[in-house]
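Spelled out, the chains give:
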Amino acid sequence: MRLDRPKLVNVGLRSFYDSMRAQGADVAHVDWRPPAGGDPELARLLAKLDRPEIDEANERAVAKILAVKPALVDIKTAKDVIPGMTGHTILHSGPPIRWERMSGPTKGAVWGALIYEGLAKDQKEADKLASSGEIKFGACHDHDSVGPMAGIISPSMPVFVIENKEHGNRSYSNFNEGLGKVLRYGAYEESVIKRLKWMEKTLAPMLAEALKYSGPIDIKAIMAQALQMGDELHCRNVASSLILLKIMAPHLAETGFDKREIDEVLKFMGDNFLFFLNPAMAACKATLDAAHGIEHSTVVTTLSRNGTDFGIRGSGLPGQWFTAPAEVPKTLFFPGFSEADANPDIGDSAIMETAGFGGFASAAAPAVVQVVGGSPSIAADYTREMGEICLVKDGNLPIPFMNFEGIPRGIDLRKVIDTGILPFINTGVAHKKPGFGTVGFGVLRAPMECFKKALKAMAEKY
Amino acid sequence: MCQRIYKGCGEEEFVKTIPSRFIRGFSDFYLKILEVRFLVTKSLVRKNEYRDSVVLMRISKELEELEGVRKASVMMGTDNNKQMLKDAGLFMDEVRSAGANDLVIAIDATSEEAAKQALSKVEGLLTAKEAEKGEIVYKTLGSALSALPDANLVVISTPGEFAAREAMRAINAGKHVMIFSDAVPFEDEIELKRTALDKNLLLLGPEAGTSIIGGVGLGFANAVKRGPIGVVGAAGTGIQEITRLIDVESGVTHALGVGGRDLSQKVDGLGTLGAIRFLANDPETRVIVLVAKAPATSVAQGVLKAAKETRKPIVACLLGAPESLVARQGATYAATLGDAAAKAIAIAQGKKPKEVTFTAPRKQIEAIVERETENFAPGQKYIRGLFSGGTLCTEAMLILQELVGDIYSNVPLKPRLRLPSTYKSKRHTCVDMGTEEFTRGTPHPMIFFKPRCERLLREAKDWEVAVMLLDNVLGYGANPDPAGELVGAIAEAKKIVEKSNGYLSVITSVCGTARDPQSLEVQKKKLEDAGVVVMPSNAEAARIAALISTKGKAWGKLK
Numbered sequence: 001m002r003l004d005r006p007k008l009v010n011v012g013l014r015s016f017y018d019s020m021r022a023q024g025a026d027v028a029h030v031d032w033r034p035p036a037g038g039d040p041e042l043a044r045l046l047a048k049l050d051r052p053e054i055d056e057a058n059e060r061a062v063a064k065i066l067a068v069k070p071a072l073v074d075i076k077t078a079k080d081v082i083p084g085m086t087g088h089t090i091l092h093s094g095p096p097i098r099w100e101r102m103s104g105p106t107k108g109a110v111w112g113a114l115i116y117e118g119l120a121k122d123q124k125e126a127d128k129l130a131s132s133g134e135i136k137f138g139a140c141h142d143h144d145s146v147g148p149m150a151g152i153i154s155p156s157m158p159v160f161v162i163e164n165k166e167h168g169n170r171s172y173s174n175f176n177e178g179l180g181k182v183l184r185y186g187a188y189e190e191s192v193i194k195r196l197k198w199m200e201k202t203l204a205p206m207l208a209e210a211l212k213y214s215g216p217i218d219i220k221a222i223m224a225q226a227l228q229m230g231d232e233l234h235c236r237n238v239a240s241s242l243i244l245l246k247i248m249a250p251h252l253a254e255t256g257f258d259k260r261e262i263d264e265v266l267k268f269m270g271d272n273f274l275f276f277l278n279p280a281m282a283a284c285k286a287t288l289d290a291a292h293g294i295e296h297s298t299v300v301t302t303l304s305r306n307g308t309d310f311g312i313r314g315s316g317l318p319g320q321w322f323t324a325p326a327e328v329p330k331t332l333f334f335p336g337f338s339e340a341d342a343n344p345d346i347g348d349s350a351i352m353e354t355a356g357f358g359g360f361a362s363a364a365a366p367a368v369v370q371v372v373g374g375s376p377s378i379a380a381d382y383t384r385e386m387g388e389i390c391l392v393k394d395g396n397l398p399i400p401f402m403n404f405e406g407i408p409r410g411i412d413l414r415k416v417i418d419t420g421i422l423p424f425i426n427t428g429v430a431h432k433k434p435g436f437g438t439v440g441f442g443v444l445r446a447p448m449e450c451f452k453k454a455l456k457a458m459a460e461k462y
Numbered sequence: 001m002c003q004r005i006y007k008g009c010g011e012e013e014f015v016k017t018i019p020s021r022f023i024r025g026f027s028d029f030y031l032k033i034l035e036v037r038f039l040v041t042k043s044l045v046r047k048n049e050y051r052d053s054v055v056l057m058r059i060s061k062e063l064e065e066l067e068g069v070r071k072a073s074v075m076m077g078t079d080n081n082k083q084m085l086k087d088a089g090l091f092m093d094e095v096r097s098a099g100a101n102d103l104v105i106a107i108d109a110t111s112e113e114a115a116k117q118a119l120s121k122v123e124g125l126l127t128a129k130e131a132e133k134g135e136i137v138y139k140t141l142g143s144a145l146s147a148l149p150d151a152n153l154v155v156i157s158t159p160g161e162f163a164a165r166e167a168m169r170a171i172n173a174g175k176h177v178m179i180f181s182d183a184v185p186f187e188d189e190i191e192l193k194r195t196a197l198d199k200n201l202l203l204l205g206p207e208a209g210t211s212i213i214g215g216v217g218l219g220f221a222n223a224v225k226r227g228p229i230g231v232v233g234a235a236g237t238g239i240q241e242i243t244r245l246i247d248v249e250s251g252v253t254h255a256l257g258v259g260g261r262d263l264s265q266k267v268d269g270l271g272t273l274g275a276i277r278f279l280a281n282d283p284e285t286r287v288i289v290l291v292a293k294a295p296a297t298s299v300a301q302g303v304l305k306a307a308k309e310t311r312k313p314i315v316a317c318l319l320g321a322p323e324s325l326v327a328r329q330g331a332t333y334a335a336t337l338g339d340a341a342a343k344a345i346a347i348a349q350g351k352k353p354k355e356v357t358f359t360a361p362r363k364q365i366e367a368i369v370e371r372e373t374e375n376f377a378p379g380q381k382y383i384r385g386l387f388s389g390g391t392l393c394t395e396a397m398l399i400l401q402e403l404v405g406d407i408y409s410n411v412p413l414k415p416r417l418r419l420p421s422t423y424k425s426k427r428h429t430c431v432d433m434g435t436e437e438f439t440r441g442t443p444h445p446m447i448f449f450k451p452r453c454e455r456l457l458r459e460a461k462d463w464e465v466a467v468m469l470l471d472n473v474l475g476y477g478a479n480p481d482p483a484g485e486l487v488g489a490i491a492e493a494k495k496i497v498e499k500s501n502g503y504l505s506v507i508t509s510v511c512g513t514a515r516d517p518q519s520l521e522v523q524k525k526k527l528e529d530a531g532v533v534v535m536p537s538n539a540e541a542a543r544i545a546a547l548i549s550t551k552g553k554a555w556g557k558l559k
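Chains as they are written, first to last, in this note's numbering: chain A, 1 to 462; chain B, 1 to 559.
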């Protein structure tokens, strides 16, 4: 191979790259970092997991992720469909956690849910009940469910039912209430409970009825369209919510409900640009559950937070959580709030990133990267960077700005440790005290500690 | 009003901005009064101007970073947002009428001036677009290679322990490799070089400080014209000196730095063999120059044999190796770097190679020697060479030992000539200031000049010193103005010697080309203006230094 026209790749010192550029050379730079952060023990475990049967297991896992066909098939009441749900069960986001360790917003949302369920008449009673041991707390993820922020799902709440038409598994998510003082951000005042009741009595039955006319709605098709319309589907669901509204609107009109109620529902869906987030999360949950529990696979199937801990799960380690303290996101605050008000990272919504959306699809929604002062090229850098820790690009979910390359999917635990590149997550930020609600939007990286623990467990098991 | 403004700013935050001695003794009440006096709330509504909320939050944050701005909020005037402004104490009357498509700007500042400034800043922030850099930075070699399948050379400068892994990945992907890193384990180096040889790929380095590939300088390298001469070298400044001297009348296809360890017994010249084969197969390369510092004899033999098989003319400058070794393999012997360049040019131009002692006529050199020696004090006789380039130091010593005798050094030609202390010169001395004892914790002397300038002044205080011999290395990677770094110390050193009624002769050459970022002519002029004798090559500088220190007696030993 001749070198009359050198086309260079510079690995390491940036000054070399600058000097090559100054000479007009054709050169690309690799911002190199030591493997496994330079940790010899992790490097040894990595080498142990560098085996063909693991690569093959990952291929199977990824093939499943790509094949999943998530469809919105029904709206049901939580206690009727969610496995293990009882009249006294409260599900929350993130890894499992005891009442005493729950964060402010989670506690606030639990109080709200108990009041909403009629199990307590006010905050005081709710707090007593929550700490009495009579309430069975559980992680949504362990019950085939997901919920954004506090992620509280109580027995009477309506839930989206998503079915994976390819493999048959189902998953569930609660309804999105909008922004500001809302239950999922820890607010529990009267207006919050009133809205939840309206969602249960009016919104849910009407959507359920409309779904009978529309038939199952293909969620992946909506996500593919929305990616091309400026959504990354985690913090930005403007296009997707409108597409869903467009699909549902004629069928809502068909339901024969009271015109005033139809107006209310249309307005609620039209005003809430995060309405699609919850069915999208359930669709991603169904997608990753399909790839969960494959022997030898190092594919990460869950990234989630409960406001206190960050937890991950891996395909080859079914049912196990690997946790580390949750960090506070880098946040752009709504007026009147500051760093001092922000709760650590919270919510199951990082399931979007786990499935290749959100921070992984930053290039589709450059506006969101503005949170950290980014430009479209920086947004593309994030997507490219996340591609470094993923096993495939999903050609059915292309991003125009990436020259229609698909979103990166199938996070490989080994690649995270090897490159030191941590999943980049877009997220809402809750007030750390119960009762306040949303304080801003932020971005952050998943903590390395979770991945180290999971890698050790993988190396021990396989 | 007071109440509203007070609500808008946390007391805690306010207290932080006032020295505690002012606060002691104040009640909360007074604090509130104080604060109210300072605060100004201003707002502005821009009709029908939609912006994305995240963009606006970003702008709010930038405004809040302005001097004197306590709070800033730029939002669309939706009901929800107006409620937030109310909660934050930023709601003014004009905001009431704003609709969902109107842009609302609200500022809470410590002075009228600051508030106004913030409002005027909004305009710029709304329109400013960050320029796209248009460059892609990859996080791993793997992703760079899959994105750039036609890349052909990977340059590695990671810490040594990790360099081999990246290099092996590049080789397995079918790419040529240059490793700048040092401290790569020998066994890794050998395995990499074997694999590269099998795959017909270049493996330059580890410790490859200088290469010019297809006209691109890598590491420390000069801007050299392209031409018919290929260079393979295990010596960084050796490659620089040869290629820049070639540049005067000819040009270079590729200069391949294989790293200082390649010609050791252990590595056995595996990298050099690959480089020779590469140049053999390169149709543009008509002459090959080999350059190295004191290679192991058996290794040198193997390398010369391989060079012979290329059937291209070979010029070998193996500093310190005997002429017979080179001649036996049919290569043209070059005693110095300057000699190697001159011979390679001659062969490339179809002329007979000949030895050049001085480029200028003898008369001119004699005049310089005369001028430089007339003001010496009795007893001034020693040469002190301070080098930033290791090969330049070795070349100078090889020349000087023939003309003036023993040269002491930290990198001596013979073990008995090792300086007892690196930091103290003895009789004739040449110091390579790029060795580890000098560079620990500081940049290389081609970049960082302070140690060399300090040493220069110390040498000047030794009354037996007659001549200072220096090098000046230009090119990519080097100091942006080496002459500028040196002239101050040179002037001072000359003054020190003049004070004791002597004269300090300062001799140098500039290892550079006209197209180097520092420019050969500019550097030369700076040095000449400081009274320095600037010779065309390092070898000629060493020769004239010998003539000057011996007041012309060394002429008898020159060919």
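No lab work stands behind these hints: they were computed from the structure.
Check before you lean on any hint, since a few could be wrong.
Claimed, not checked - Pairs of lysine to aspartate or glutamate, EDC-like flavour, derived with a Cα cap of 16 Å: (1) B/Lys266 - B/Glu187; (2) B/Lys557 - B/Glu437; (3) B/Lys525 - B/Asp481; (4) B/Lys312 - B/Asp268; (5) B/Lys61 - A/Glu339; (6) A/Lys136 - A/Glu166; (7) B/Lys450 - B/Asp481; (8) B/Lys225 - A/Asp4; (9) A/Lys69 - A/Glu166; (10) A/Lys453 - A/Glu41; (11) A/Lys246 - A/Glu200; (12) B/Lys121 - B/Asp79; (13) A/Lys7 - B/Glu67; (14) A/Lys267 - B/Asp79; (15) A/Lys7 - B/Glu187; (16) A/Lys76 - A/Asp144; (17) B/Lys524 - B/Asp462; (18) A/Lys330 - B/Glu62.
(request) Determine which of the earlier numbered hints do not hold for this structure and return their numbers in increasing order. (result) Violated hints: 2, 4, 6, 11, 12, 13, 15, 17; rest satisfied.
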